[in-house]
Amino acid sequence: MSVKDYLLNRYPGDENKYFIGRMMEYLDRCERNKQKVFTDFLHPLQAKIACEMARSYNGVLLSLHGGFEDCERRIAALYPEWDHVEPQEFPIVILKIADRGWGRALNHRDFLGALLGLGIKREKVGDLIVKERICFAAVHRDIAGFVEANLERAGRSSISIQRVDSEDIDLSPAYEEIRITVASPRLDGVVGAVFGLSRAKSAGLINGEKVRVNWEEETRTDTALKEGDIVSVTGKGKFKVGEFAGVTKKGRAVMVIKKYK
1 MSVKDYLLNR YPGDENKYFI GRMMEYLDRC ERNKQKVFTD FLHPLQAKIA
51 CEMARSYNGV LLSLHGGFED CERRIAALYP EWDHVEPQEF PIVILKIADR
101 GWGRALNHRD FLGALLGLGI KREKVGDLIV KERICFAAVH RDIAGFVEAN
151 LERAGRSSIS IQRVDSEDID LSPAYEEIRI TVASPRLDGV VGAVFGLSRA
201 KSAGLINGEK VRVNWEEETR TDTALKEGDI VSVTGKGKFK VGEFAGVTKK
251 GRAVMVIKKY K
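261 is the number that the working numbering gives the last residue of the sequence shown; the numbers go up by one with no jumps.
Check each hint, because a few of them may be wrong.
[Unchecked claim] In silico DSBU-like links for lysine-lysine, alpha-carbon gap of 30 Å or less:
1. K240 / K258
2. K48 / K121
3. K250 / K48
4. K121 / K210
5. K34 / K96
6. K17 / K4
7. K236 / K17
8. K96 / K48
9. K17 / K36
FYI, nobody ran anything at the bench for these hints, they're computed from the structure.
Using the sequences and the hints given, assemble the complete structure.
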């Protein structure tokens, strides 16, 4: 079985089929021309697929960068094995979008909606970090100028916008660190503990295809989570599994959770 056929079986669906074909074009171009090739922003599952594909090409290396620390959406750089790539070479621009309104503070959904409302494709926008009425948005260099010229409002608020250097500001993701105790690191138990749900309710979300682990849909309630896993639950939020911090006197596992705001 070819690598392509294996991946199509491993990752079914039209979106993945299109991405695998597109990624093969990028890899073939890099291998043929011996030059660097950059993708658009990839979500974690696409990045995982891209890494698997790159390993099947002799002489081609892959690096990922998203502009922020611990970001989810990243651009892949493909380059010959004798070459290297620096972070500043990635076609990423950080835009500082400030909420100038006095009403309800804008949230992640407001800022992302404003960007996509300009007709921009999702793959041209990376992670957005919202802190104190300011959004730091990683966007592809191709559309940065268009955004600067056309983005005037987000939600019901007027905004200001400017380019910034990621090295000059703290762009670590905003999250609340909590500790939970669970009988085991089963997905249904952890989801229930993080969002204050009964196990039956969390199991219903998992069985209802509302839960993703590392960007892949997960329908098994007994999946064991491990440190570094990122779990997103439709309508509830997203969290990252931190360290396992021991066991209580009653034998329950203590887990550190980073719950994204």
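Now the hints, each set against the structure:
1. K240 / K258: 5 Å, holds
2. K48 / K121: Measuring from Cα to Cα gives roughly 21 Å; hence the hint holds.
3. K250 / K48: 38 Å, violated
4. K121 / K210: At roughly 23 Å apart (the allowed maximum being 30 Å), K210 and K121 satisfy the hint.
5. K34 / K96: Since the Cα atoms of K34 and K96 sit roughly 35 Å apart, the hinted pair is violated (cutoff 30 Å).
6. K17 / K4: 9 Å, holds
7. K236 / K17: 29 Å, holds
8. K96 / K48: 29 Å, holds
9. K17 / K36: Given pair K17, K36 holds - Cα atoms ~24 Å apart, limit 30 Å.
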